[in-house]
Amino acid sequence: GKDLFLEFKEELKTQKCLYLRAKNIVSTLNLDLKNAGVDLDEMIVYENVFKKGDKKLTHPAIFIFTSPLSVENFLKFYSLKEEDKVVVIGQSTAKKLLNFKNLYICENQSLLECVKLAKTLV
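At position 6 of the sequence shown (counting the first as 1) the number is 16 in the numbering used here, and the numbers step up by one without a gap.
Treat the hints with care, since some could be wrong.
Said to hold, decoys possible - Restraint ranges, calculated between C-beta atoms of paired labels, are given here:
id	residue 1	residue 2	range
1	K44	K66	22 to 32 angstroms
2	E57	I115	23 to 33 angstroms
3	L131	D51	39 to 49 angstroms
4	L85	K129	16 to 26 angstroms
5	A71	C27	15 to 25 angstroms
6	K44	S120	39 to 49 angstroms
7	I54	D13	14 to 24 angstroms
8	K23	K91	40 to 50 angstroms
9	K105	I54	32 to 42 angstroms
Stated by the list, open to error - Straight-line distance between alpha carbons at most 30 angstroms, and here's what the computed DSSO-like set of lysine-lysine pairs gives:
id	residue 1	residue 2
10	K126	K111
11	K44	K66
12	K129	K65
13	K111	K66
14	K61	K105
15	K86	K62
16	K23	K33
17	K65	K91
18	K65	K44
19	K44	K61
20	K61	K23
21	K95	K111
22	K91	K105
23	K66	K129
24	K105	K33
25	K95	K129
26	K62	K23
27	K126	K61
28	K19	K33
29	K111	K129
30	K86	K19
Just so you know, the hints here were simulated from the structure itself, not pulled from any lab data. Predicted, not measured: the structure shown is a model, and the values here were computed from it. Just so it is clear, CB atoms sit at the ideal spot from N, CA and C, and this is done for glycine as well.
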């Protein structure tokens with residue numbers, strides 16, 4: 011959220027914007043843009059609903075998380091082992107795993123970059 015805000019805040023000040031988002035968000039991008047003077051409307055277009063995990067995981071493993079919410083929901087049903095490696099898409103997601111030692115944060119926030127980074131950890 012912060013990186014997107016810093017990248018686009020000046021450009022968006024002169025635009026009318028629509029932010030399509032989830033029902034629950036961790037980012038303050040919407041508030042940051044509004045506080046910076048961006049004419050922003052928001053529309054909740056989806057809700058993340060997580061099912062109970064019933065898969066047996068094999069460790070060590072490499073996990074990719076693309077949001078803080080995905081970390082929270084994963085940890086409701088599973089646990090990370092010391093030998094596992096975790097790739098996260100950005101700082102907000104990383105904050106959910108601060109005590110995990112094998113944490114790797116993507117330099118560029120995209121799923122493709124997460125996968126590329128994960129492949130280097132094999």
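Evaluated hints:
1. K44 to K66: 22 to 32 angstroms: violated (45 angstroms)
2. E57 to I115: 23 to 33 angstroms: About 27 angstroms separates the Cβ atoms of E57 and I115, which means 23 to 33 angstroms holds.
3. L131 to D51: 39 to 49 angstroms: holds (40 angstroms)
4. L85 to K129: 16 to 26 angstroms: 24 angstroms Cβ-Cβ, so the 16 to 26 angstroms window holds.
5. A71 to C27: 15 to 25 angstroms: violated (39 angstroms)
6. K44 to S120: 39 to 49 angstroms: Since K44 and S120 have Cβ atoms about 25 angstroms apart, the given range 39 to 49 angstroms is violated.
7. I54 to D13: 14 to 24 angstroms: Since the Cβ atoms of I54 and D13 sit about 23 angstroms apart, the hinted range of 14 to 24 angstroms holds.
8. K23 to K91: 40 to 50 angstroms: Once the Cβ atoms are compared, 47 angstroms apart, the range 40 to 50 angstroms for K91 and K23 holds.
9. K105 to I54: 32 to 42 angstroms: violated (23 angstroms)
10. K126 to K111: Given pair K126, K111 holds - Cα atoms ~20 angstroms apart, limit 30 angstroms.
11. K44 to K66: Given pair K44, K66 is violated - Cα atoms ~44 angstroms apart, limit 30 angstroms.
12. K129 to K65: Roughly 22 angstroms separates the two Cα atoms, so the pair holds.
13. K111 to K66: holds (23 angstroms)
14. K61 to K105: Cα-Cα ~23 angstroms, so holds.
15. K86 to K62: holds (8 angstroms)
16. K23 to K33: holds (25 angstroms)
17. K65 to K91: The hint holds at about 16 angstroms.
18. K65 to K44: Roughly 42 angstroms between the alpha carbons, so the hint for K65 and K44 is violated.
19. K44 to K61: violated (34 angstroms)
20. K61 to K23: violated (39 angstroms)
21. K95 to K111: Answer holds: K95 to K111 is near 8 angstroms, not above 30 angstroms.
22. K91 to K105: holds (18 angstroms)
23. K66 to K129: Distance of about 22 angstroms is within 30 angstroms: holds.
24. K105 to K33: holds (21 angstroms)
25. K95 to K129: holds (11 angstroms)
26. K62 to K23: violated (42 angstroms)
27. K126 to K61: holds (27 angstroms)
28. K19 to K33: Holds: K19 and K33 sit about 23 angstroms apart, inside 30 angstroms.
29. K111 to K129: holds (18 angstroms)
30. K86 to K19: Answer violated: K86 to K19 is near 36 angstroms, above 30 angstroms.
Consistency note: the structure conflicts with the earlier hints numbered 1, 5, 6, 9, 11, 18, 19, 20, 26, 30.
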